[in-house]
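K.L.:
Since chain D is already given, all that's left is putting chain B on it; use the hints.
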Amino acid sequence: MAAPFEAIADLDRLVHEPARLAVLTALSMCRAADFLYLQRLTGLSKGNLSSHLTKLEDAQLVSIEKEFVGKMPNTRVALTRSGRAAIERHWKRLDELRRDASNWSE
Amino acid sequence: MTANLERVRAVTANFFFWQGLRWVPLGIALILLSFGPLTKRAIGDPWASIISLTTLFIALWLSTTVLGGYYARAYGRVQLMPGQHARRDTIKWLVVYPVMFVAMILDWRINAPVLLSGAAFGAGIEAYRRSTGGGRQHYIVAATLFALLTFIPTLGLATSRELLVPLFGVLGVVYVVGGVLDHRELVRVLGPARMATEDNGSAI
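Listed in order, the protein sequences are those of chains D and B. The numbering of the first sequence is the working numbering, which starts it at 1 and goes up by one. The numbering of the second sequence is the working numbering, which starts it at 1 and goes up by one.
Just so you know, these hints were derived from the structure itself, not from any lab. We put the beta carbon where it would ideally sit given N, CA and C, even for glycine. Among these hints, one or two may not hold up.
[What the hints assert, rightly or not] So the derived label-pair ranges between C-beta atoms look like this: (1) Arg184/B with Asp95/D: 41 to 47 Å; (2) Thr144/B with Pro18/D: 35 to 41 Å; (3) Pro82/B with Met72/D: 45 to 51 Å; (4) Glu65/D with Ile105/B: 46 to 52 Å; (5) Leu11/D with Thr90/B: 35 to 41 Å; (6) Lys66/D with Val102/B: 35 to 41 Å; (7) Met72/D with Val187/B: 21 to 27 Å.
[Claimed, not checked] Derived, one-sided and incomplete: chain D residues facing chain B with beta-carbon distance under 7 Å: (8) Ala19; (9) Ala22; (10) Thr25; (11) Cys30; (12) Arg31; (13) Ala32; (14) Ala33; (15) Asp34; (16) Leu36; (17) Arg40; (18) Leu41; (19) Gly43; (20) Leu44; (21) Phe68.
[What the hints assert, rightly or not] Which chain B residues face chain D? A few, computed with CB under 7 Å, are given here: (22) Arg7; (23) Ala13; (24) Ile31; (25) Leu32; (26) Leu33; (27) Tyr75; (28) Gly191.
So here's chain D without its partners, still in its complex pose (with noise of 0.2 Å):
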């Protein structure tokens, strides 16, 4: 078992930050979000969240498509195969963690 700081560290920070953690874990739910719908869920502003969304793409966890719903433009996010196995390692890891966590103090 690491030591309790090695194992924190040991983290993938692209996947573990606040907001593209929870981008992520929302999309592990479905199929496809907008861009809408994860930015009420976030509480991010636009430029905010395009940045990590852009982040998430360029690592290819997620793929970014736009369309038109009616006459509006409409940006919709899924999870790649990869960032599918990226965060579910991740809540394996966090989920190992919390287990490993309750021996630390002994």
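P.N.:
For chain B alone, kept in the frame of chain D given last:
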């Protein structure tokens, strides 16, 4: 943080069901339809049936077109994975609805000594709560209320057959109150509604 993320999971996977205001017109329609026998006595058929059908269509239109559009503009859209809720749908159609239907038939046909539909509706409401993301304690209150209604015939106040139509009125009240409280929960997770007026992702 984990609890918040659990909420995010629950809301995203059940986004449609948490759009509580959608259920309000349907609840009002159910309440009005529960007065159906009185309307029929007052104005007779076919007008009573025409009013009932019109009420139902207006409620469906408000729920889908008007309020569905409102939620899409205010909170965006979520696309589910195909078959994501297959287990829930199977249980709903093969267990919950048939049990409710059989209970209503028994209450109507044999005038059961207890209101079987009360227990069946109560169980149905609890199944709905659990299968659509949990939380929302108000549905536990509603399920308990329905369970208690089961025993009204034993008090001699009304027979189970007489209670069957008013039961839909009570269900309508649950739709209205539950819907408003579901909306409040949604706002807690997603924040207050702000309408999108332009490309919602133009910054990307």
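K.L.:
Now, for every hint given, state plainly whether the structure supports it.
P.N.:
Checked hints:
As the Cβ distance of Arg184/B to Asp95/D is approximately 31 Å, the hint placing it in 41 to 47 Å is violated. For Thr144/B paired with Pro18/D, a C-beta distance near 37 Å keeps the hint of 35 to 41 Å intact. Checking the proposed 45 to 51 Å range against Pro82/B and Met72/D shows it is violated: the Cβ atoms sit about 25 Å from each other. A C-beta distance of roughly 49 Å is found between Glu65/D and Ile105/B, which places it inside the suggested range of 46 to 52 Å.
Our hint of 35 to 41 Å for Leu11/D and Thr90/B holds, since their Cβ atoms are close to 38 Å apart. Between Lys66/D and Val102/B, the C-beta spacing of about 50 Å breaks the proposed range 35 to 41 Å. Under the hint 21 to 27 Å, the C-beta atoms of Met72/D and Val187/B, about 23 Å apart, fit the expected range. A cut of 7 Å between beta carbons decides the hint on Ala19/D: the least distance to chain B is about 11 Å, and the hint is violated.
With 7 Å as the threshold, the beta carbon of Ala22/D comes within range of chain B, its nearest partner Cβ sitting at about 6 Å, so the hint holds. A cut of 7 Å between beta carbons decides the hint on Thr25/D: the least distance to chain B is about 5 Å, and the hint holds. A least Cβ separation of about 5 Å between Cys30/D and chain B falls short of the 7 Å threshold, and the interface hint therefore holds. Because the closest C-beta pair between Arg31/D and chain B is about 5 Å apart, less than 7 Å, the hint holds.
Hint on Ala32/D holds. Least Cβ distance to chain B is approximately 5 Å, under the 7 Å limit. The beta carbon of Ala33/D comes within 5 Å of a beta carbon in chain B, closer than 7 Å, and the hint placing it at the interface holds. Hint status for Asp34/D: holds, given a least beta-carbon distance of 4 Å to chain B, under 7 Å. Taking 7 Å as the C-beta contact cut-off toward chain B, the hint placing Leu36/D at the interface holds, the least distance being around 3 Å.
Taking 7 Å as the C-beta cut-off, the interface hint given for Arg40/D holds, the closest approach to chain B being about 4 Å. Evaluation of the Leu41/D hint against chain B yields a held restraint, the C-beta minimum of about 6 Å falling below 7 Å. The interface hint given for Gly43/D is met, as the beta carbon of that residue sits about 6 Å from the closest beta carbon of chain B, less than 7 Å. Annotation: Leu44/D was flagged as interfacial toward chain B, and the flag is violated, the nearest CB pair being 11 Å apart, outside 7 Å.
Residue-level restraint check for Phe68/D is violated (minimum Cβ-Cβ distance to chain B is 9 Å; threshold 7 Å). Evaluation of the Arg7/B hint against chain D yields a violated restraint, the C-beta minimum of about 10 Å exceeding 7 Å. The beta carbon of Ala13/B is positioned within 7 Å of a beta carbon in chain D (closest approach about 4 Å), and the interface hint is therefore held. Taken as an interface hint, Ile31/B does not check out: its beta carbon lies about 31 Å from the nearest beta carbon of chain D, beyond 7 Å.
At its closest, the beta carbon of Leu32/B sits 33 Å from a beta carbon of chain D; the interface hint therefore is violated under the 7 Å criterion. Hint status for Leu33/B: violated, given a least beta-carbon distance of 33 Å to chain D, over 7 Å. Checking Tyr75/B against chain D: minimum C-beta separation of about 5 Å stays under 7 Å; hint holds. A hinted interface residue such as Gly191/B counts as satisfied when its beta carbon comes closer than 7 Å to some beta carbon of chain D; here the least separation is about 6 Å, so the hint holds.
Hint compliance for this structure: hints 1, 3, 6, 8, 20, 21, 22, 24, 25 and 26 are broken, all remaining hints hold.
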